[in-house]
Amino acid sequence: MSLPAVVPAPSSIESGSSGPFAVSAGIRITGDVDAATALAALLEARTGVTLQVADEGEVALRIEAGEPESYRLTVDDAGVAVVGADAAGLFYGIQTLGQLVRRAGGEWTVPAVTITDRPRFAYRGVMLDVARHFQPVETVKAYIDRAAGLKINALHLHLSDDQGWRIQLASRPELTELASGSSIGGDPGGYYTTDDYREIVAYAASRHLIVVPEIDMPGHTHAVGVAYPELAEPPVMSDEIERVIAEFGGGVPTPGELYQGLAVGFSSLKIDDERTYEFVADVFGELARLTPGPYLHVGGDESLGTDPDDFAVFMERVTGIVADLGKTPIAWHEAGSAPGLDPGTIGQYWGYTTPLDGMDDQARAFVANGSRLILSPADAVYLDMKYDESTALGLAWANGPTSVEAAYSWEPSDIIAGIDESDILGVEAPLWTETVRDLSDIDALAFPRLAAAAEAAWSPATGTSELRTWTSFRERVGALAPLWTSLGIGFHASTEIPWVVE
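Quick note: this note's numbering has the sequence shown finishing at residue 502, numbered continuously throughout.
Any given hint could be a false lead.
Across the chosen pairs, the derived CB separations fall in these ranges [to be verified]:
1) Ala461 to Met237: 19 to 27 Å
2) Pro294 to Glu64: 24 to 32 Å
3) Val500 to Leu356: 35 to 43 Å
4) Gly358 to Arg275: 30 to 38 Å
Source of the hints: derived by calculation from the structure; they are not laboratory data.
Just so we're clear, the structure is a prediction, and the values are computed from it rather than from any experiment.
C-beta atoms are modelled at their ideal positions from N, C-alpha and C, and glycine is treated no differently.
Generate coordinates for the entire structure from the input sequences, incorporating the hints supplied.
As structure tokens, this is what we get:
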């Protein structure tokens, strides 16, 4: 008898000897009220059956101290028990229970099973780029729900880029007044008010995610120059930038005018102007006050328009400013070339699964500096890549299209030679939005590949569990099709996956 399908793969799963547990309208959920309410909503969405939250019941939810975010789930024909080590662990146990529900004839059942589970990495993230195409609050909340169902615990919001500024700041109102009005291709822009941002942060917290806001600097800053031209250097053009403009359109970047193209690397802040650092202190100071989580992301990638020595000076000062605010800076791996980074700065590696051009040296520099890495290899977990050449959405610059199998078949501990498992803070799957306009586009690119990234972040290492194989994953993720459909997730029905039809 095959094991029930769970994604991401749990630490331990054993089939029980009893019959399944029947889910019916008479079933009561007892225990932690927040968790019980969340479970009732999930099961109603999945089955259409309304369960009651009561003082006593067949489904028991409780918290008992243990390893952070871990849980134990037991099911037999008489009842269900979910025990979390904390509120997050209990929530994750509920997500697993929702995945186990199956239709059997005219009934809904949960197979008898015992699952003991805990995360491999502390940081399990998704990134949503709202700068290239702005996404409204409701879309961000929907993506939070989708990510939380796969035990993701961090939402990285890419809030600024050449194409637009997306967060209202009282200290710098011109940013949204002048630099938020466009997206790639001339699509509408937009921004989050401070109340919108607080709403996103609170909603994420209710699903046990932190928010990691990113203000990308010193490159990717053309929009800053629209609002504050005195802070911006003139665009630095290259043959590659001109090629991208010729292929994708959007026009040549013009100082003081909104930019609607795809090209990157041409913009820079003025590194030797103290007004730049006053701006940085204002922006990150206000973001720090708005963001309860521990991290602020300072960017640092693709700063091709910045002299390398100036780049090093800038990154040293900016990471110091963030650290002085009581937050931990995160920077893309290129910042590893700056010798004076604040020692706590976390590196985010976006190179390939086989590093090129010294990107692994830049990533190792963070570890040598006493910090850790978040792994986001572009040819595995960049969710904005095409699935294959025929895919309408997405780009293909990261070693070509990324199949579901390619998204799954990598091992975090193998990416950067010379670092230990303890040097990896976690895994994050970015979704850049050059071709993404709405939630349906997000769903089509993120699912099912986000499930592959979630398994790399949560589950045991490749080779240590019989479940951590492509053969197992494709069967397990295929079994989630009815659940995803009931939750309104418009996943890409890849032919690589044997999708279950209920």
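Verification of the supplied hints:
no., hint, result
1, Ala461 to Met237: 19 to 27 Å, "violated (45 Å)"
2, Pro294 to Glu64: 24 to 32 Å, "holds (26 Å)"
3, Val500 to Leu356: 35 to 43 Å, "holds (39 Å)"
4, Gly358 to Arg275: 30 to 38 Å, "holds (33 Å)"
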